[in-house]
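Using the sequences and the accompanying hints, generate a full structural model.
The lines below spell out each chain.
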Amino acid sequence: QSVLTQPPSVSAAPGQKVTISCSGITGNNPISWYQQVPGAAPKLLIYASIRRPSGIPDRFSGSKSGTSATLGITGPQAGDEADYYCGTWDSSLNAMIFGGGTKLTVL
Amino acid sequence: QVQLVESGGHVVQPGGSLRLSCAASGFNLRGYGIHWVRQAPGKGLEWVAFIWNDEKNIHHADSVKGRFTISRDTSRNTVYLQMNDLRAEDTAVYYCARDATRGWDLDYWGRGTLVTVSS
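Heads up: the sequence lines are chains Y and V, in that order. When the first sequence is numbered by the working numbering, its final residue is 109 and no position is left out of the sequence of numbers. When the second sequence is numbered by the working numbering, its final residue is 120 and no position is left out of the sequence of numbers.
Just so you know, the hints here were simulated from the structure itself, not pulled from any lab data. It is possible that part of the hints are untrue.
[To be verified] DEER-style ranges, computed between Cβ atoms:
1) Y:P10 to V:E56: 37 to 43 Å
2) V:Q2 to Y:Q79: 37 to 43 Å
3) Y:A80 to V:K66: 27 to 33 Å
4) Y:A15 to V:G43: 32 to 38 Å
5) Y:R61 to V:G104: 20 to 26 Å
6) Y:T69 to V:R103: 30 to 36 Å
7) Y:P16 to V:N58: 41 to 47 Å
8) Y:N96 to V:L115: 25 to 31 Å
9) Y:P16 to V:P42: 29 to 35 Å
10) V:R103 to Y:E83: 25 to 31 Å
11) Y:E83 to V:G32: 31 to 37 Å
12) V:D74 to Y:G17: 46 to 52 Å
13) Y:G77 to V:P15: 44 to 50 Å
14) V:G32 to Y:S13: 37 to 43 Å
The C-beta atom is built at its ideal place from N, Cα and C for all residues, glycine as well.
In structure tokens:
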């Protein structure tokens with residue numbers, strides 16, 4: 003049972019901006035976001051709530067405010083169709099927790 | 002380059018045991034923590050266990066506590082997950098992932114190994 007809550011699915015047309023929320027954050031540890039295309043391992047998209055690893059396009063962005071975080075994708079492409087997960091370390095549980103995942107469909 | 006390769010996944014009967022391996026290359030385990038994360042068929046990510054670079058910080062998810070044990074062999078640059086008393090609900094792809102040591106993000110993942118618990 004996920005402690006972090008994400009919408010099950012979102013959709014967007016190319017050229018639009020789509021956002022994926024992650025709520026229920028407790029504590030001060032940063033949020034990371036992962037992309038998982040079908041049949042592949044997850045891939046780190048955003049770390050420290052707002053930073054992109056090298057090689058991640060700047061159409062991906064992250065933000066955090068209070069108990070929620072948001073992943074933004076500007077101008078999603080067909081190749082961005084995937085499941086997206088937020089995650090963080092819960093220091094009270096001594097456990098990594100993930101959101102339930104959000105499936106992105108590009109119309 | 003950084004690479005993580007899991008192995009050891011198999012079909013096993015309920016109550017059985019299995020040991021998974023995560024072989025690291027391109028970096029030294031002494032400087033990083035490693036997580037095991039699993040994904041049941043058609044489901045989301047579930048964290049399983051974590052071992053820090055000094056081995057003093059080891060944690061397991063409540064769902065596997067007392068049955069699974071994470072460990073590492075720095076001479077082999079390999080992390081293990083010993084799984085005992087396996088149950089049907091442990092059926093999943095098991096991934097190992099490197100903790101980037103900057104804020105609990107997992108920067109490199111292996112391709113995963115499939116564990117199926119079935120009679």
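Problem set entry | Numbers of the earlier hints that this structure fails to satisfy, in rising order | 2, 3, 4, 6
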